[in-house]
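Single-letter residue listing:
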Amino acid sequence: MKASAGGYARANDLREALDLLANADGQGRVLAGGQSLIAAMNMRLSTGDMLVDISRIAELAGVAEDGETLRIGALTRHAAVGADPLVKTHVPLLAEATGHIAHAAIRNRGTIGGALSHADPAAEFPACALALGASMEIAGPDGSRTVAAEDFFEDVFTTALAEGEILTALTVPKQRPGEAQLIEEVARRSGDYALVGLCLVKRDAGHRVALFSVGATPILARACMARLDAGDLDGAVTALQGEIDPPSDTQASAAYRRHLAGVLLRRAMARLTGVPA
Amino acid sequence: MTEMFRDKIDVEITVNGEPVEARVPAGQHLIDFLRQTVGLTGAHASCEHGVCGACTVEVDGASVRGCLMLAAQADGAEVWTVEGLTERGRIADLQAAFIAHNALQCGFCTPGMLVACDELLRRGGTPSRAEIREHLSGNYCRCTGYEAIVDAVETVAKARAGKGAA
Ligand SMILES: Cc1cc2nc3c(=O)[nH]c(=O)nc-3n(C[C@H](O)[C@H](O)[C@H](O)COP(=O)(O)OP(=O)(O)OC[C@H]3O[C@@H](n4cnc5c(N)ncnc54)[C@H](O)[C@@H]3O)c2cc1C
Ligand code: FES
Ligand code: FES
Numbered sequence: 001m002k003a004s005a006g007g008y009a010r011a012n013d014l015r016e017a018l019d020l021l022a023n024a025d026g027q028g029r030v031l032a033g034g035q036s037l038i039a040a041m042n043m044r045l046s047t048g049d050m051l052v053d054i055s056r057i058a059e060l061a062g063v064a065e066d067g068e069t070l071r072i073g074a075l076t077r078h079a080a081v082g083a084d085p086l087v088k089t090h091v092p093l094l095a096e097a098t099g100h101i102a103h104a105a106i107r108n109r110g111t112i113g114g115a116l117s118h119a120d121p122a123a124e125f126p127a128c129a130l131a132l133g134a135s136m137e138i139a140g141p142d143g144s145r146t147v148a149a150e151d152f153f154e155d156v157f158t159t160a161l162a163e164g165e166i167l168t169a170l171t172v173p174k175q176r177p178g179e180a181q182l183i184e185e186v187a188r189r190s191g192d193y194a195l196v197g198l199c200l201v202k203r204d205a206g207h208r209v210a211l212f213s214v215g216a217t218p219i220l221a222r223a224c225m226a227r228l229d230a231g232d233l234d235g236a237v238t239a240l241q242g243e244i245d246p247p248s249d250t251q252a253s254a255a256y257r258r259h260l261a262g263v264l265l266r267r268a269m270a271r272l273t274g275v276p277a
Numbered sequence: 001m002t003e004m005f006r007d008k009i010d011v012e013i014t015v016n017g018e019p020v021e022a023r024v025p026a027g028q029h030l031i032d033f034l035r036q037t038v039g040l041t042g043a044h045a046s047c048e049h050g051v052c053g054a055c056t057v058e059v060d061g062a063s064v065r066g067c068l069m070l071a072a073q074a075d076g077a078e079v080w081t082v083e084g085l086t087e088r089g090r091i092a093d094l095q096a097a098f099i100a101h102n103a104l105q106c107g108f109c110t111p112g113m114l115v116a117c118d119e120l121l122r123r124g125g126t127p128s129r130a131e132i133r134e135h136l137s138g139n140y141c142r143c144t145g146y147e148a149i150v151d152a153v154e155t156v157a158k159a160r161a162g163k164g165a166a
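First to last, the protein sequences are chains A and B.
The numbers in my numbering rise by one with no breaks, and the one at position 112 of the first sequence is 112.
The numbers in my numbering rise by one with no breaks, and the one at position 40 of the second sequence is 40.
These aren't lab readings, by the way, just hints derived from the structure by calculation.
Where hints are given, some of them may not hold.
Said to hold, decoys possible - Restricting the straight-line Cα-Cα distance to at most 25 Å, the calculated cross-link-like pairs of lysine to any residue (SDA-like) are:
#1 A:Lys2 <-> B:Thr37
#2 A:Lys202 <-> A:Ala122
#3 A:Lys2 <-> A:Arg271
#4 B:Lys8 <-> A:Gly164
#5 B:Lys8 <-> A:Arg44
#6 B:Lys163 <-> B:Cys106
#7 A:Lys88 <-> A:Arg29
#8 A:Lys2 <-> B:Cys47
#9 B:Lys8 <-> A:Met43
#10 B:Lys8 <-> A:Arg29
#11 A:Lys88 <-> B:Ser137
#12 A:Lys2 <-> B:Asp10
#13 A:Lys2 <-> B:Thr41
#14 A:Lys2 <-> B:Arg23
#15 A:Lys174 <-> A:Gly67
#16 A:Lys88 <-> B:Arg122
#17 A:Lys202 <-> A:Ala139
#18 B:Lys8 <-> A:Gly26
#19 A:Lys2 <-> B:Arg122
#20 A:Lys174 <-> A:Leu45
#21 B:Lys8 <-> A:Leu45
#22 A:Lys174 <-> A:Gly62
#23 A:Lys2 <-> B:Val51
#24 A:Lys2 <-> B:Leu40
#25 A:Lys88 <-> A:Lys2
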């Protein structure tokens, strides 16, 4: 099907983008990489939007070091996140996750800010942001604010972003010595959305486990994390399976997803410790 | 300020090395602009939601889905389609290998496949069969020519690597 847009305007900088959104009579819609939005428009899931094309705003793209954190601009494309030397060194989880997102041609246009704002419960980057304890920088008509990843994802395709606001960057703590980060997922075809996926970050302060494709939002598996901290993998698998409530759909049943979550946790721990699961 | 939103946008796009000026509807896909306005019907529009890869073209040096990019967004961009890549001879060896290995049957997926393969081959090195499959995982071939396509790409990668070393 063909997309139906209400109108199109290209913003040259953040200020202009915010002004355009403010003046779009509630019909404004940010267009970043378009890899989810244009697909939705093509399926007529979204019609009549006043598109505010932010994809050329250079100040919103790129990766920079800022002390103990890495700041990743919202418009940094998936392919650029995956190839960035700073990301590879300091946040290897994001680099590894990129390889699981869609296909090369889609990664060439999709942006990390778009993936976080879109908040597909099956997407990799939102779960990574949770596992890493990242924060979201948001600009609005009245200034900027920062929201922790844990408070950002509210429901299916719903985030803490208010109408008229733009996600400008993701700030992530750099990996510290001795820290480990990895992602495991099962998908039906390479590049498809995961049936279930799991991000694992092991820090001095303890384990962090985030799952995706198991509910309305990515989730932090706190009970599971506590069992891992106690060195109890079997207990962690049981805890994990108890704290998720995955959907049943044409792709997989809830029971199968719950089973896979346990398998992925064992795989991740085996990779982390070098001890086969 | 809603008048700042346009339903027709003036664009200047370099298509296959030639400048093209046009006024495009806000929601028009790049692939439809290329096929219907510019008359380049090599790349195809099929699923129109990013899944099949038939619409893959090159924009500013990278492969993109022509169905997930608006023509309005291509203003100022350099676009190459299979027609232009053919004329330049950049993929002549790849095209010859596709024919030699019977990697195309109806040919519907072939333009998108060639653009995707070209991107992989331009990275240099000799990708493994697994890497070739991974890179082409976003392109469906309804005639299921996959095995032959991987053969063709592998042959070209090896030949180009040999050439580079010689
Ligand atoms: C075939 C296919 C397979 C895919 N597979 C995967 C996959 O396996 N994993 C995965 O994670 N994703 C997948 N995707 C989605 C892809 O990763 C998208 O790039 C991503 O979800 C959206 O990013 P975008 O920049 O293209 O955003 P857009 O499509 O431009 O926007 C998406 C939404 O976010 C809003 N938005 C975008 N940027 C901002 C911003 N800075 N501030 C506020 N709001 C904003 C838009 O208004 C829109 O509502 C797939 C897509 C396709 C077509
Ligand atoms: S038509 Fe664009 S991916 Fe199928
Ligand atoms: S050759 Fe027919 S679709 Fe691939």
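Tested hints:
1. Of the supplied pair hints, the one linking A:Lys2 and B:Thr37 holds, its CA atoms being roughly 16 Å apart against a limit of 25 Å.
2. For the proposed pair A:Lys202 and A:Ala122, the alpha carbon gap of about 22 Å is at most 25 Å, so the pair holds.
3. Restraint check for A:Lys2 and A:Arg271: the C-alpha separation of about 45 Å exceeds 25 Å, so the hint is violated.
4. Distance hint between B:Lys8 and A:Gly164 is fulfilled; the C-alpha atoms sit about 24 Å from each other, no more than 25 Å.
5. A C-alpha spacing of about 20 Å is found between B:Lys8 and A:Arg44, which places the hinted pair at or below 25 Å, so the restraint holds.
6. Restraint check: the Cα-Cα separation between B:Lys163 and B:Cys106 comes to about 31 Å, which exceeds 25 Å; the hinted pair is violated.
7. In summary, the hint linking A:Lys88 to A:Arg29 is not supported, as the alpha carbons are separated by about 32 Å, beyond the 25 Å threshold.
8. Taken as a hint, the A:Lys2 and B:Cys47 pair is honoured in the structure, with Cα atoms around 11 Å apart against an allowance of 25 Å.
9. Restraint check: the Cα-Cα separation between B:Lys8 and A:Met43 comes to about 21 Å, which is no more than 25 Å; the hinted pair holds.
10. Under the criterion of a C-alpha separation no larger than 25 Å, the hint pairing B:Lys8 with A:Arg29 is consistent with the structure, at around 17 Å.
11. Taking the CA atoms of A:Lys88 and B:Ser137, the gap is about 24 Å. The hint holds against a cut of 25 Å.
12. Among the hinted pairs, A:Lys2 with B:Asp10 is consistent with the structure: their alpha-carbon atoms are about 20 Å apart, no more than 25 Å.
13. This hinted pair checks out: A:Lys2 and B:Thr41 have alpha carbons roughly 17 Å apart, not beyond 25 Å.
14. Taking the CA atoms of A:Lys2 and B:Arg23, the gap is near 18 Å; set against the 25 Å cutoff, the hint holds.
15. Distance check on the hinted pair: A:Lys174 and A:Gly67 sit about 9 Å apart at the alpha-carbon level, within 25 Å; holds.
16. Distance hint between A:Lys88 and B:Arg122 is fulfilled; the C-alpha atoms sit about 23 Å from each other, no more than 25 Å.
17. With a CA separation close to 31 Å, the supplied pair A:Lys202 and A:Ala139 exceeds the 25 Å bound.
18. With a C-alpha separation of about 21 Å, the suggested pair B:Lys8 and A:Gly26 falls inside the 25 Å cut-off, and the hint holds.
19. Simply put, A:Lys2 and B:Arg122 have alpha-carbon atoms about 33 Å apart, too far for the 25 Å limit, and the pair is violated.
20. Taking the CA atoms of A:Lys174 and A:Leu45, the gap is about 38 Å. The hint is violated against a cut of 25 Å.
21. Of the supplied pair hints, the one linking B:Lys8 and A:Leu45 holds, its CA atoms being roughly 22 Å apart against a limit of 25 Å.
22. For the proposed pair A:Lys174 and A:Gly62, the alpha carbon gap of about 16 Å is at most 25 Å, so the pair holds.
23. Note on A:Lys2 and B:Val51: the hinted pairing holds, with a Cα-Cα distance of about 15 Å set against a maximum of 25 Å.
24. A threshold of 25 Å between alpha carbons decides the hint, and for A:Lys2 with B:Leu40 the separation of about 19 Å falls inside it, so the pair holds.
25. For the hint linking A:Lys88 to A:Lys2, the alpha-carbon distance of about 38 Å lies beyond 25 Å, and the restraint is violated.
Checked against the numbered hints given earlier, this structure breaks hints 3, 6, 7, 17, 19, 20, 25; the rest are met.
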